[in-house]
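As they're listed, the protein sequences go chains E and L. Okay, so the first sequence: first residue is 1 according to this note's numbering, each after it adds one. Okay, so the second sequence: first residue is 1 according to this note's numbering, each after it adds one.
These are calculated hints, taken from the structure and not from any lab test. Backbone N, C-alpha and C fix where the C-beta goes; we use that ideal spot for every residue, glycine too. Wrong hints could be hidden among the right ones.
With a cut-off of at most 25 angstroms between alpha-carbon atoms, the simulated BS3-like pairs for lysine-lysine come out as follows [stated by the list, open to error]:
id : chain 1 : residue 1 : chain 2 : residue 2
1  : L       : 24        : E       : 28
2  : L       : 134       : L       : 123
3  : E       : 28        : L       : 134
4  : E       : 99        : E       : 28
5  : E       : 99        : L       : 24
Pair ranges (Cβ atoms, derived) [stated by the list, open to error]:
id : chain 1 : residue 1 : chain 2 : residue 2 : range
6  : L       : 29        : E       : 88        : 42 to 52 angstroms
7  : E       : 18        : L       : 157       : 51 to 61 angstroms
8  : L       : 161       : E       : 10        : 42 to 52 angstroms
9  : E       : 88        : L       : 123       : 34 to 44 angstroms
10 : E       : 28        : L       : 157       : 24 to 34 angstroms
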Amino acid sequence: MTDIPLAHVLILSSLLFTIGFVGVVVRKNTLFMLMSLEVMLNAVGVAFIGAGSVWQEADGQIMFMLILTLAAAEVAVGLALLIRMQRRYRTLDIDVLSKMKG
Amino acid sequence: MSLFASIEGLFYLAALIAVIASLKVVTGKNTVHALLYLVISLLAVAVCFYLMGAPFAAGLEVIVYAGAILVLFVFAVMMFGLGVDETMHAPQSKGLSLWFGPMLLAALLLIELVFVIDNSELKLQLSNKMVDAKQVGILLYGPYLLAVEIASFLLLAGLVAGYHYAKPEHQGRRL
């Protein structure tokens, strides 16, 4: 059993998640949206590690590693798309993409 | 033991730093400064992981998140050529004031880490509840083997997609 109560870890996690979510919704710059997504993924990692440390199991850390993998792949694809967007529209404003046709 | 010298106190301090740095990331105007704050936020979360008894995850957080993923961001920002834009519109050299925020938060984290490493009583308390890398490794290559394989597929997909989207367009052929 750890000294840090699980409730406080979860509060930290939800705080970080909310900050990231607000960032994704409010910001118009796609680069900042990607960074806020990182903050959100990180918040989920905090929740997993906290739960894993309360029950003294390694499963939480394994889930965190899977999230890490997901974040790495997401950033690679996301930044490549941003580079493509910058090249074509000369801006990173998300509103430019509202005219995108399928 | 006083609140600051306990693991909880240190955890709350690191958590506070993480929240402040994340707020600065979301509200920032300058991309590079926001990236600096993001690094601080990730380092603070790594300290939280260490204090929660997950040193392996803390190391991974520093190496993979703050090391690799943030470097990817920095490379992308350099490719976007935001540097030119900044030099035209940014006010002339405000000295060290721009460095102050990230430096202060990073220094707080450093003091905290040195304190934990230096204090033998805290170290003993931490080592009692650690889930070390060995347990993680045994689980990872035991029950979670399939998840590891799937994660490697995901990384391969990310690699291929990143290469495909970022390569220069050919004439007359879009995407």
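Checked hints:
1. A distance of roughly 16 angstroms separates the Cα atoms of residue 24 of chain L and residue 28 of chain E; the hinted pair therefore holds under the 25 angstroms criterion.
2. Taken as a hint, the residue 134 of chain L and residue 123 of chain L pair is honoured in the structure, with Cα atoms around 19 angstroms apart against an allowance of 25 angstroms.
3. Taken as a hint, the residue 28 of chain E and residue 134 of chain L pair is broken in the structure, with Cα atoms around 44 angstroms apart against an allowance of 25 angstroms.
4. The suggested pairing of residue 99 of chain E with residue 28 of chain E holds, with an alpha-carbon distance near 15 angstroms, which does not exceed 25 angstroms.
5. For the hint linking residue 99 of chain E to residue 24 of chain L, the alpha-carbon distance of about 31 angstroms lies beyond 25 angstroms, and the restraint is violated.
6. Separated by about 24 angstroms at the C-beta atoms, residue 29 of chain L and residue 88 of chain E break the suggested range of 42 to 52 angstroms.
7. For the hinted restraint 51 to 61 angstroms between residue 18 of chain E and residue 157 of chain L, the CB-CB distance of approximately 30 angstroms leaves it violated.
8. The hinted window of 42 to 52 angstroms between residue 161 of chain L and residue 10 of chain E is violated, with their beta carbons roughly 33 angstroms apart.
9. In this structure the hint that residue 88 of chain E and residue 123 of chain L lie 34 to 44 angstroms apart at CB is violated, the actual value being about 54 angstroms.
10. Range check, residue 28 of chain E to residue 157 of chain L: about 28 angstroms between beta-carbon atoms, so the 24 to 34 angstroms window is met.
Of the numbered hints listed earlier, those contradicted by the structure are 3, 5, 6, 7, 8 and 9.
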